[in-house]
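Undergrad: For reference, the chains in residue letters:
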Amino acid sequence: MNLPGKKRRRRRRLAPHAPGVAAGTLVVPADARPTRLRVIAYGPERLEERELSDPQELRAMRGQWPVLWVDVDGLGDVAALEALGAIFGLHRLALEDVLNLHQRPKAERYPEHLFLVARMPALGEAAGGSGALETEQLSLFIGKDFLLSCQERPGGDCFDPVRTRLRAGKGRSRAAGPDYLAYALLDGVVDAFYPVLETCGDHLDTLEDELFARADPGIARRVHQVRRDLLSVRRAVWPLREELSTLVRDPDPLVADETRVYLRDCYDHVVQMIDLLETYRDLGAGLTEIHLSLLSHRMNEIMKVLTMIATIFIPLTFVVGVYGMNFDPDAGPLNMPELRWPWGYPAVMLFMAAVAGGMLVYFKRRGWIWSGERIEPPPPPK
Amino acid sequence: MNLPGKKRRRRRRLAPHAPGVAAGTLVVPADARPTRLRVIAYGPERLEERELSDPQELRAMRGQWPVLWVDVDGLGDVAALEALGAIFGLHRLALEDVLNLHQRPKAERYPEHLFLVARMPALGEAAGGSGALETEQLSLFIGKDFLLSCQERPGGDCFDPVRTRLRAGKGRSRAAGPDYLAYALLDGVVDAFYPVLETCGDHLDTLEDELFARADPGIARRVHQVRRDLLSVRRAVWPLREELSTLVRDPDPLVADETRVYLRDCYDHVVQMIDLLETYRDLGAGLTEIHLSLLSHRMNEIMKVLTMIATIFIPLTFVVGVYGMNFDPDAGPLNMPELRWPWGYPAVMLFMAAVAGGMLVYFKRRGWIWSGERIEPPPPPK
Amino acid sequence: MNLPGKKRRRRRRLAPHAPGVAAGTLVVPADARPTRLRVIAYGPERLEERELSDPQELRAMRGQWPVLWVDVDGLGDVAALEALGAIFGLHRLALEDVLNLHQRPKAERYPEHLFLVARMPALGEAAGGSGALETEQLSLFIGKDFLLSCQERPGGDCFDPVRTRLRAGKGRSRAAGPDYLAYALLDGVVDAFYPVLETCGDHLDTLEDELFARADPGIARRVHQVRRDLLSVRRAVWPLREELSTLVRDPDPLVADETRVYLRDCYDHVVQMIDLLETYRDLGAGLTEIHLSLLSHRMNEIMKVLTMIATIFIPLTFVVGVYGMNFDPDAGPLNMPELRWPWGYPAVMLFMAAVAGGMLVYFKRRGWIWSGERIEPPPPPK
Amino acid sequence: MNLPGKKRRRRRRLAPHAPGVAAGTLVVPADARPTRLRVIAYGPERLEERELSDPQELRAMRGQWPVLWVDVDGLGDVAALEALGAIFGLHRLALEDVLNLHQRPKAERYPEHLFLVARMPALGEAAGGSGALETEQLSLFIGKDFLLSCQERPGGDCFDPVRTRLRAGKGRSRAAGPDYLAYALLDGVVDAFYPVLETCGDHLDTLEDELFARADPGIARRVHQVRRDLLSVRRAVWPLREELSTLVRDPDPLVADETRVYLRDCYDHVVQMIDLLETYRDLGAGLTEIHLSLLSHRMNEIMKVLTMIATIFIPLTFVVGVYGMNFDPDAGPLNMPELRWPWGYPAVMLFMAAVAGGMLVYFKRRGWIWSGERIEPPPPPK
Amino acid sequence: MNLPGKKRRRRRRLAPHAPGVAAGTLVVPADARPTRLRVIAYGPERLEERELSDPQELRAMRGQWPVLWVDVDGLGDVAALEALGAIFGLHRLALEDVLNLHQRPKAERYPEHLFLVARMPALGEAAGGSGALETEQLSLFIGKDFLLSCQERPGGDCFDPVRTRLRAGKGRSRAAGPDYLAYALLDGVVDAFYPVLETCGDHLDTLEDELFARADPGIARRVHQVRRDLLSVRRAVWPLREELSTLVRDPDPLVADETRVYLRDCYDHVVQMIDLLETYRDLGAGLTEIHLSLLSHRMNEIMKVLTMIATIFIPLTFVVGVYGMNFDPDAGPLNMPELRWPWGYPAVMLFMAAVAGGMLVYFKRRGWIWSGERIEPPPPPK
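Chains as they are written, first to last, in my numbering: chain P, 13 to 394; chain C, 13 to 394; chain F, 13 to 394; chain B, 13 to 394; chain W, 13 to 394.
There could be a bad hint or two in this list.
Okay, derived cross-link-like pairs now, DSBU-like style, lysine-lysine, Cα gap no bigger than 35 Å in a straight line [claimed, not checked]: (1) P:Lys118 - P:Lys156; (2) C:Lys118 - F:Lys118; (3) W:Lys156 - P:Lys118; (4) C:Lys376 - P:Lys376; (5) B:Lys376 - W:Lys156; (6) C:Lys118 - P:Lys118; (7) P:Lys118 - W:Lys376.
Interface residues of chain B toward chain W, partial, derived using beta-carbon atoms under 10 Å [stated by the list, open to error]: (8) Asp157; (9) Ser305; (10) His309; (11) Met315; (12) Ile326; (13) Thr329; (14) Gly344; (15) Trp355; (16) Ala359; (17) Val360; (18) Leu362; (19) Phe363; (20) Met364; (21) Arg378.
In case anyone wonders, no lab produced these hints; they're calculated from the structure. Since we're looking at a predicted model, the values are computed, not measured. The beta-carbon is built from N, C-alpha and C at its ideal position, and this holds for glycine as well.
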């Protein structure tokens with residue numbers, strides 16, 4: 013059972029520091045991909061979008077645009093990160109956290125910027141082939157005139173709707189500041205978990221149907237996998253709730269009051285998702301329990317068949333065995349005189365039919381066969 | 013296993029926004045029904061009730077009546093909602109939430125109005141045929157002189173008692189403002205869950221009786237369905253508690269103090285319902301456990317029968333098999349001389365009767381048969 | 013399985029209002045019993061006790077006595093309740109709650125009086141025959157000079173010790189006000205649950221002993237019933253804790269400071285009872301688990317017996333079957349020459365004894381028989 | 013199953029008042045032992061220790077000594093308690109609580125004294141023979157110049173180290189006041205639970221080893237008993253935590269600040285003990301689960317043996333049965349010509365060997381026998 | 013089953029005081045190792061590192077160096093501890109806690125110093141051979157110019173990276189005070205738990221794969237051991253969270269504000285680890301459940317095989333038994349005339365083939381064999 017995607021995921025170091033490395037030194041994560049830098053600079057009037065080869069190009073752009081959105085895709089290039097840190101005045105500990113995958117979603121205030129961590133479903137290239145849900149770390153730095161987003165894995169993300177809206181310039185999106193953009197990205201992250209949950213719900217539904225249709229050890233495994241995925245979603249979504257609640261509750265000069273209203277809406281979505289998540293977790297636990305009781309029930313059915321067959325035929329086989337004994341009727345008058353009785357064979361057959369009939373009556377009484385007695389369910393409420 | 017009602021329910025989009033759609037744009041839910049607008053305008057003296065074809069008719073009515081109750085039944089007509097939003101000054105995010113089914117019950121204050129979301133048991137046309145409990149979203153906008161109620165599914169609702177009381181003009185109902193009307197609707201929602209809980213309780217009672225009467229895998233499924241329905245009620249009722257608690261606790265100019273006393277009463281009912289709900293959930297979990305132990309017990313009974321039959325007859329069958337062997341007694345004096353002994357047959361029969369009797373004594377000792385020894389239960393308390 | 017007492021209990025309406033009835037209208041509960049009014053009027057010096065036929069007689073008594081205790085037994089007479097409400101100035105919502113059975117214990121302050129709801133074990137006539145624990149609703153109105161107690165079911169209650177003490181005039185009872193009387197009644201309610209808990213504890217003890225003595229599906233049912241009763245006690249006692257805590261903590265002009273000390277004592281008893289209750293619930297859950305593992309163990313024992321018998325005799329039966337075949341030794345030298353070998357029969361018997369002995373050795377090795385090896389338990393602490 | 017010790021324990025009344033007895037009257041508990049009064053009077057310089065026959069002797073001693081420690085061992089003598097109450101000005105409700113066994117540990121402030129209740133493992137004469145852990149109630153009254161300790165059961169207690177230290181006059185013990193003495197006693201109580209927990213831990217360890225060594229229903233019972241003992245310790249220790257926390261947190265003139273530091277240390281020990289307790293409870297629950305899965309596993313092993321034997325030999329027995337039929341080969345050419353074929357017997361034997369071999373291959377494939385395939389565990393972390 | 017390492021661990025006294033020993037007296041723990049004293053004295057400019065034979069040498073060093081880090085490895089030498097206490101002014105109760113192994117991690121403020129307790133994975137010599145995770149107690153005293161660290165077990169610790177950084181003099185490490193050093197040590201402790209958790213996660217992964225591959229009672233045991241290790245980690249890490257939260261939240265003159273930022277980072281790591289821990293605990297519990305259902309499933313498979321074989325062959329064996337009876341066809345026309353019918357043998361064989369075929373059709377219908385019907389899983393989300 014070789015599950016390469018899974019093994020690779022495991023082997024990624026969990027500890028926030030490489031062993032023996034001083035806190036404060038930036039270290040490339042084990043299987044980091046090459047970094048790609050994209051910038052979208054925009055204001056109410058105009059928008060420019062391009063790929064950067066050198067982070068230093070940003071120095072010239074700063075101040076020219078109301079909002080600079082720098083999207084760092086892939087964490088392989090520590091030098092670029094260091095440069096960005098210098099350009100935007102990012103705090104060292106926050107930069108370290110960007111590189112420490114497995115961060116828990118959180119919101120931290122630093123003098124120069126807000127620092128947010130979230131986890132989103134991994135949709136890009138590195139999503140592996142193991143089938144298990146993987147999440148990818150998203151780090152956001154929100155400043156007065158910039159938003160820096162760092163994605164763990166290059167390739168697909170869930171921000172295309174945001175980009176499309178920016179390009180179209182519709183709604184609040186272009187007029188508002190980096191705080192609204194951060195809201196839009198977080199909202200995109202939350203929305204990206206909904207199809208994951210829907211799939212989990214569909215799987216649970218299908219598994220429930222299959223469960224009652226047939227016994228299959230694969231079902232236990234699949235229920236386990238859904239529950240495992242739900243645990244992953246949970247680890248990503250629960251702390252997001254706290255994070256959003258902090259943003260909504262505590263005033264911060266970098267977050268406008270209007271944006272706070274939108275963040276409250278996003279917070280409501282997260283709470284609703286957690287509700288659903290816990291319901292699915294309960295359903296999943298229920299399926300495991302039902303699986304066990306159905307297996308027991310099937311065993312009972314199997315054992316009933318065996319027991320009925322054995323209980324009817326084993327005594328009969330004994331009886332025919334008795335008359336298969338080779339005692340010599342010539343040796344004495346008590347030695348199997350039945351064998352020579354003209355009615356012996358029909359009498360034995362009738363006796364055995366009576367035994368079998370008695371057994372069937374006994375099984376009927378125990379309700380093993382033809383058990384039609386049912387207690388009527390109560391009538392539905394009017 | 014084709015469960016169309018269930019599948020249809022699932023396919024409804026869980027995410028609050030359609031993918032790729034900007035927040036702030038109203039989108040018709042997937043399977044929305046045509047909208048029907050009904051208005052009940054009333055004051056202490058008079059009451060007018062009619063169906064609207066155009067929301068603009070409301071502009072003329074506003075200001076003429078102390079209270080306008082606009083009931084939007086079915087969410088298919090976004091234009092009508094937009095018009096209502098413009099007439100009553102409803103907040104955009106709240107309007108979006110009306111269309112985002114699967115909202116969690118909540119209470120939100122906006123500058124111009126209160127916005128409440130609740131879930132009520134679906135009684136109308138769309139209740140499906142799957143048998144599972146479905147809930148329907150109810151959104152309430154409470155303003156100074158209006159109450160707007162939006163129901164997800166047209167057809168039956170649980171507000172007829174409220175309408176009857178309004179028409180009759182009895183009690184506080186006509187004299188009080190939209191806040192009291194909102195209380196009356198929420199109270200109707202809470203009351204509508206009681207028969208659902210009663211049915212769950214009756215099902216659990218019946219299932220408990222059936223459980224001890226016979227083994228049926230259908231019981232596991234039905235217990236699971238009741239527990240699933242209880243989970244649905246829970247998701248609707250738990251947040252309602254918070255919602256009512258907010259309304260009772262935090263003063264708001266739109267909610268009169270007298271209404272607050274009634275809301276506290278409604279809150280008490282919700283708490284009482286939650287108590288009952290948790291008790292039923294405990295009972296349901298207990299039934300699943302008992303089912304498992306009863307299945308085990310039945311298996312034991314079945315196995316005892318099989319084992320007794322097999323243990324008595326297998327050795328006997330061996331014995332008769334021995335005397336069915338064809339060794340030639342003529343070949344030597346040790347070759348089955350019993351076969352020619354005049355008492356051979358009776359002796360073997362007696363020997364086998366002794367073996368069978370010994371087995372029965374053994375079973376009696378182990379308590380498998382005739383086990384009448386009982387420990388008396390303690391006497392009841394005086 | 014016709015359990016009339018249980019069914020009757022279920023059918024009582026759970027919803028606080030009859031459907032279609034305005035809040036504010038008093039409705040007789042479904043199976044209410046005729047009302048009986050008893051009054052005990054007392055002061056430090058004297059005491060008068062009589063049965064009332066008309067509530068209006070109380071108007072004359074009010075003001076004449078320091079304390080009027082009006083005991084309403086049975087809720088069938090709404091007119092009497094309305095009259096009492098008018099005489100003592102009781103709040104409408106509180107009166108409604110008296111008639112809405114299934115209330116959760118609570119304490120509410122109204123301008124004119126305190127309103128308490130509690131649940132006590134049903135000891136009177138309606139206690140049914142189903143054996144399950146039923147609780148009865150007790151509502152108390154505490155005013156400056158009166159205490160009104162409303163009992164759901166006429167007949168036995170747990171207040172006779174209080175009446176006896178009042179008549180005897182001993183201790184604080186006659187000198188103190190209605191608040192001390194309310195404490196005495198609540199204390200009586202709490203004391204009435206102790207024998208219920210003791211019975212549950214005794215049942216659990218007996219069931220534990222029975223469990224290890226024999227396998228009986230009735231044990232699962234009885235454990236379930238005890239756990240069900242514990243759930244009922246829990247629903248009655250948990251909110252009582254909150255209620256008493258409110259009374260002890262929040263100052264109220266109707267509750268004297270000395271009474272508060274006694275209420276704190278009563279609160280301690282409730283907390284102690286909840287402790288015991290939770291311990292019993294844990295024990296009950298443990299018994300269900302143990303039942304399951306004992307059933308499994310017994311199954312193992314049964315299967316071992318079957319397997320040993322079958323494993324020893326099925327091969328032997330095969331061997332004797334071989335020598336029961338009718339191949340003709342005359343047809344060729346390879347056709348069962350053993351049958352004519354003089355030592356054939358003894359040789360086969362010895363071979364079979366060897367096979368059986370080998371099997372026994374194998375079973376011994378697996379520890380199925382004569383498994384006397386025990387690991388010693390650690391010595392007790394010194 | 014006659015467990016006198018256990019029954020006796022049960023029969024002790026749980027309710028705080030005897031039925032029909034006014035609160036405020038002291039009642040001797042059901043199986044109270046004769047009271048023994050011991051006093052240790054001490055100051056920094058000297059110490060006197062003696063047994064009292066009459067509590068009134070204390071009147072003379074009061075004021076002569078900085079600290080009077082009166083130890084009441086056994087609660088049979090209510091008159092002595094009343095006298096002590098009069099001498100030291102003890103509150104009536106507190107005195108009642110001393111006699112109401114089954115009190116929950118608590119700390120209460122009365123005008124004249126602090127009143128503490130704790131539970132300690134019963135080490136003395138009444139510890140019964142049931143083997144189950146029993147706890148004994150300890151009540152402490154702390155005044156300015158006295159400490160009154162009341163023990164439920166005479167005989168062994170856990171205060172000998174305290175007495176020894178007092179007599180030796182070492183450390184703070186003689187110089188400090190009754191508050192420090194109370195700390196020393198509570199610390200002794202906490203220390204007395206450690207060996208109990210250690211025994212529980214050792215039992216769980218042993219049971220885990222036994223569990224994997226052999227299947228024994230006694231193990232289920234013993235795990236249950238350990239879990240039951242842990243529940244008892246829990247009921248004694250959890251409220252002790254609250255009690256100590258109250259003493260540490262809330263300033264009180266009767267507790268010196270230096271003593272508070274020691275109480276904080278004692279509080280830490282209780283928290284640490286609760287930690288351990290919960291860990292053991294988790295381990296106990298885990299053992300019950302494992303027991304179940306081991307029983308299932310053993311059942312599988314047993315069933316495999318049975319199935320293999322039956323599956324190999326039942327078809328073979330059928331085959332030999334076929335050739336044991338007595339159809340007359342002379343009646344026609346199709347009537348069992350094999351019987352007279354010279355190679356008939358060897359052919360049948362070879363056919364049966366092939367069938368048995370095929371079965372073994374099938375079992376090998378299913379992994380029932382010779383299943384050596386193992387997935388290697390991951391290497392240990394470096 | 014002799015597990016010496018485990019037994020030795022158990023036997024270590026849990027109680028904080030040796031019985032009969034006054035609080036305040038330092039007692040060597042039962043199996044303490046000889047003490048080794050190492051000091052690293054450093055400032056921004058220089059660093060001196062040496063082993064001490066006499067604690068008094070520290071008196072001379074104090075005041076000469078900005079920071080003195082005294083590392084006490086092994087707790088066998090109480091005199092050295094006493095001396096250190098005198099030199100640095102350590103509080104008596106804190107010193108006692110150093111020697112009381114099994115302390116819960118905590119942070120306590122004393123007038124002269126901060127006192128921290130933590131637990132770290134035991135990596136050194138005493139790690140035992142039992143395979144179970146053991147933790148070792150680390151006590152830290154933080155003063156203005158010193159840090160005293162006491163390790164329970166000599167040998168390996170997790171502080172080598174800290175020492176290396178100090179020697180290299182890089183980053184903040186040499187310039188900052190003892191508070192930063194304490195942070196570095198705590199961070200090392202936290203980091204040391206990551207590989208432990210990773211191993212647990214890997215074990216759970218492997219066990220999940222093995223679980224589905226084969227049934228082995230060893231799996232239950234290994235899942236139990238992983239869960240046991242997770243419990244150990246939990247006991248060490250949960251209180252660490254509180255401890256760090258206290259340090260971060262409450263200002264203290266001994267902890268600089270810059271260090272507080274680093275401690276917050278360390279706190280985040282602990283929270284993240286707890287998240288992971290709880291996820292693993294959930295997975296472990298899930299594996300135990302799945303194990304049980306897989307065992308049931310395998311039992312079903314085994315029983316199906318047995319039942320099919322028995323159900324097909326037992327009736328057939330009965331039939332061949334019938335024709336193996338020795339009734340004499342000469343005795344009468346009804347006595348087994350089939351035996352002499354020319355088509356008797358083929359007719360019986362065909363009849364038996366028909367019976368066997370019918371059985372197979374029946375098994376097919378029940379889905380025991382060739383059950384290929386599968387419900388398709390829902391398509392993955394797009």
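Undergrad: Checking against the hints above, which ones are violated?
TA: Per hint list: 5, 7, 8, 15, 16, 17, 18, 19 and 20 violated.
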